[in-house]
Amino acid sequence: MKLVRNVNLVDKILRLGIGAGSIYVGFIETTIIDHAVINVLVGVFGVFNIVAALIGFCPVYYIAGINTCTSEDDC
Numbered sequence: 006m007k008l009v010r011n012v013n014l015v016d017k018i019l020r021l022g023i024g025a026g027s028i029y030v031g032f033i034e035t036t037i038i039d040h041a042v043i044n045v046l047v048g049v050f051g052v053f054n055i056v057a058a059l060i061g062f063c064p065v066y067y068i069a070g071i072n073t074c075t076s077e078d079d080c
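Residue numbers (our numbering): 6 to 80.
Just so you know, these hints were derived from the structure itself, not from any lab. These numbers were taken from a predicted model, which means no experiment stands behind them. Errors might be hidden in some of the hints.
As the list claims (entries may be wrong) - Estimated spans, in silico, between C-beta atoms of each pair:
#1 Tyr29 <-> Pro64: 34 to 44 Å
#2 Asp39 <-> Leu8: 29 to 39 Å
#3 Ile23 <-> Gly70: 16 to 26 Å
Built from N, CA and C at the ideal position, the CB exists for glycine as well.
My request is simple: use the sequences and hints to build the entire structure.
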């Protein structure tokens, strides 16, 4: 499977912000959510979004057939 970029610039910026917030809530400020398993899931969700933003590929988008890139320069 070749990793074809499917996340555009706006999507990357949103993923970085949501990912950073999720990592903060899930791993750093754990008193916001008072359940350890949910904290870990929120933190992992944040890591997933940051990795997807950095590499420009989202496996969930790939499975769903979604591509937010309008051109090769957009990704």
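When the hints from earlier in the document are held up against this structure, which numbers fail?
1
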